[in-house]
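*Asks:* Each chain, written out:
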Amino acid sequence: MSNDPTPVREPLSANLEPDMHPPTRREFLKRFGTGLMVWAVFGPATGAQESEAARPATVRPRQTNDFNSFLHIDENGHVTCFTGKIEMGQGIITSLPQMLAEDLDVPIDDVEIVMGDTALCPFDGGTFGSMSTRSFGLLFRAAATEARGVLMELAAAALQVPVAQLTTQQGAVVDANDPSRKIAYGQLTKGKKIERHLTVKPSLKAPEQFKIIGKPMLRRDSRDKVTGRAKFSGDLRLPGMLYARVLRAPAHGAVLKNVDTSAAQQIEGIIVVRKADLVAVLHVLPDVAEEAIEKIHAEFEPSASRLDDKTIYEHLEQSKLQPKVAAHGGDIEAGRALAVRRYDQTYHNPYVAHAAMETHAALANVEKDKATIWASTQTPFPAREEIARTLGLPISSVRVITPFLGGGFGGKGFNLQAVEAARLSKETGRPVQVMWTREEEFFNDTFRPAAVVKIQSGLDGAGRIAFWDYEVLFAGDRGAAQLYDLPHHRTSVVGTFQGPPGIHPFSVGAWRAPGSSTNAFARESHIDQLASMAGADPIEFRLGQLKDPRLIRVLKAAAEHWAWKPGKGPSGRGLGVACGSDAGSYVAAIAEVEVDAKEGKIAVKRVLCAQEMGLVINPAGAKIQMEGCITMGMGYALTEEIHFKNGALQDTNFDTYALPRFSWLPKIETVILEADHTPPQGGGEPAIIVMGAVLANALYDATGIRMLELPMTPARVKAALAAKA
Amino acid sequence: MSDTVSLRLNDQPVRIQVAPDRTLLWVLRTDLGLTGTKYGCGIVQCGACTVLVDNRAVRSCSVDMKSVDGKDVTTIEGLAKGGKLHPLQEAFIAHDALQCGFCTPGMVLTAYDFLQKHPNPKREEVIAGMNDNLCRCGAHTRIVDAILAAASVMKGGTAS
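Chains as they are written, first to last, in our numbering: chain A, 1 to 725; chain B, 726 to 885.
Hints are supplied without guarantee of correctness; some may be wrong.
[Claimed, not checked] Think about it this way: if two alpha-carbon atoms lie no more than 25 Å apart in a straight line, the pair counts; the simulated PhoX-like pairs of lysine-lysine are: (1) K605(A) x K809(B); (2) K667(A) x K847(B); (3) K847(B) x K295(A); (4) K809(B) x K231(A); (5) K847(B) x K231(A); (6) K231(A) x K370(A).
Read the hints as simulated data drawn from the structure, not as lab findings. The model shown is predicted, which means the values in this text are computed figures rather than measured ones.
Sequences and hints are given; from them, build the entire structure.
*Replies:* Have a look at this one:
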């Protein structure tokens, strides 16, 4: 072991000499000198589209994209791909190179990936919405296919054989008629400077030709992560750096009246920064900065907010915002008239925290006319813009580098900690690290919004759904539209998952599959109750009113793998069903619970999840994501909620905010349905959306109590059981 | 007020001038440059800061420097010996028992302590032994599998 400070992590390609400009094609060309370079842009040429709807408005690019994806092969045959996407655990550090290696025909170990560095990577709006594989991966595949075509042409000249007679394998072009005649990619590009810009959609390999895509691969970053070598933003050190602690208000909406920092200033080596909106203490040791912040005496005007976690729903329902109709079909009033039995219900979801294990962290080094910031961010390019604006520097003078993220889940798209670090570095003239405490992490979180869903519905004389009138308030429209084949339906949406500003007492934002888990909880709980009213098995009831073949397929697959025996709920068996669609994928889950009626505790015994997500790049990675969704999803279903009053949070650490634990673990089964000819869809989010409903439905099946509010805490379950008795 | 604290850290003798009431976690991460030990909650709730003190898992966020004077401290950086990974590290890799990897050092070292006490564990015992460590990505089932596989290797069996 060494007493030297840990060196700052080198950019993955240390041989590059990044300047501070946003990379343009010309600069990339200058930088690389020789080799083969392929550029790709989202659009018709590649068939890849980045969904505007999926991304928050704040991170939409404000500049024209010269290119989005970039691939370089050097004269040793070494392949480097560059992406503005980041790795936060979701595994694209493995799956993106896997896609590229497939279409380029190189060993995956020869592919290096550089991620989330604004000086080295093309512009990217951010890593969210399960877009990386489904949209961005296509660009990598297209660039690789184009590169392979160029290499074949070069080899045809070198080997004096027609292209049609050539094939590629393991980083070399081979004469199919005489496999001893081959030439390595590196030899072909040696001393040459070849640039290609994709204009025509290349014909990608067909699934039947895959050697690497679709094969399970272990994560490529595990070795560094089990040895402590992997660097997260808070692990980086620079000579002379200071650690900062920022003064926080006791409540959202509380305004600083006056502050006395004299006691903190008594501590040797403490530097105090006081700006109107930013009071911080800094020291060469983080624990001394922590000690100093506690010695600051600050007085705040109390928050004007009078809301709490009980009154919030009434507040949301009283908003004067007009609903917008997001989807409709048939004639809702005609449907209403056909109903012989009505079932109307209102569902409530609380604020839920992201609670990534890594708190927000950033290290900023602001010099006279440039700034470098290492940040745990899902949006390095938007962070760069915000920091440049704050510091008054041109965007081209700011570089944001993204080390590994210790979890994101949508919570690291806003970059307050990076802005704080940059401002404090500018003020002190030294490198500054900001790493939030867990309490700050809760306080500054952009929570999954509290939301209300109101559903009016009815069954016709044949026990089918006659009409479906759905209104979601403040969760957003993702996953709200009708999945079932219903004659008369309407989906209305009030607000979005981001607000509008002012409606919530604190910040809200994207939380893994934003809106979708709230919408799926309401819809699938409601459908389940209608099935019960109709006296039908919940799976048969759903299948009877579905036309979408992909949804039918996952539901049937789940039933088959579970060995489902039809029964009318509540059957006492404790079995629940839920299904849904998210990020272009389809998902169905079945769960079994046991209920401790005395304690009100729900024990989840078994969860099976079937998912169809198009072409699967790395089945091992996809399975892990599904397991992660199931486990994480038990949290919002059973325990997770933010308690608050008058702008102050009552849950600020893991002593009261209960995450899923090992002891909760059910038997988890995942079923991935083959769909190799459907383009890859999202894999990191869909399975989480069904967890609220599948457990609520299992609880109903076990006990006959219908929970309309998440989470289903022991206190709520006990109260519901008592009310039923 | 500074004191000299002497300890063995990852098999090396270390003498450090440090205020004796400073927290082991922060001294490791800053003064000693060992950032594999993570801050997750600061109140002994998550286990990300777990290190071994005299071969027992300890939450370094709750331990001061004077209490490790004369002790043997192992961090995640010191678990592999002579470039050879510990069977637990190998098993975490082989089972993909991590996603973001932030809780991983604490998971591995907690499991190390657990396996000393339970060399032949049942699945339920692993679950109970790991229950006070938090993982947000949901790698739990794989972590349990990895620990069971490592236990088998450490007894001289083969990984499954």
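*Asks:* All hints, please: hold or fail.
*Replies:* Evaluation of the provided hints:
1. Between K605(A) and K809(B) the alpha-carbon distance is near 38 Å, which puts this suggested pair outside the 25 Å criterion.
2. As the CA atoms of K667(A) and K847(B) are separated by approximately 15 Å, the hinted pair is consistent with the 25 Å bound.
3. Proximity of K847(B) to K295(A) is assessed by CA-CA distance (about 49 Å); at most 25 Å being required, the pair is judged violated.
4. Between K809(B) and K231(A) the alpha-carbon distance is near 21 Å, which keeps this suggested pair within the 25 Å criterion.
5. Restraint check: the Cα-Cα separation between K847(B) and K231(A) comes to about 34 Å, which exceeds 25 Å; the hinted pair is violated.
6. Our distance criterion of 25 Å between C-alpha atoms is met by K231(A) and K370(A), whose separation comes to about 23 Å.
Violated hints for the displayed structure, listed by number in ascending order: 1, 3, 5.
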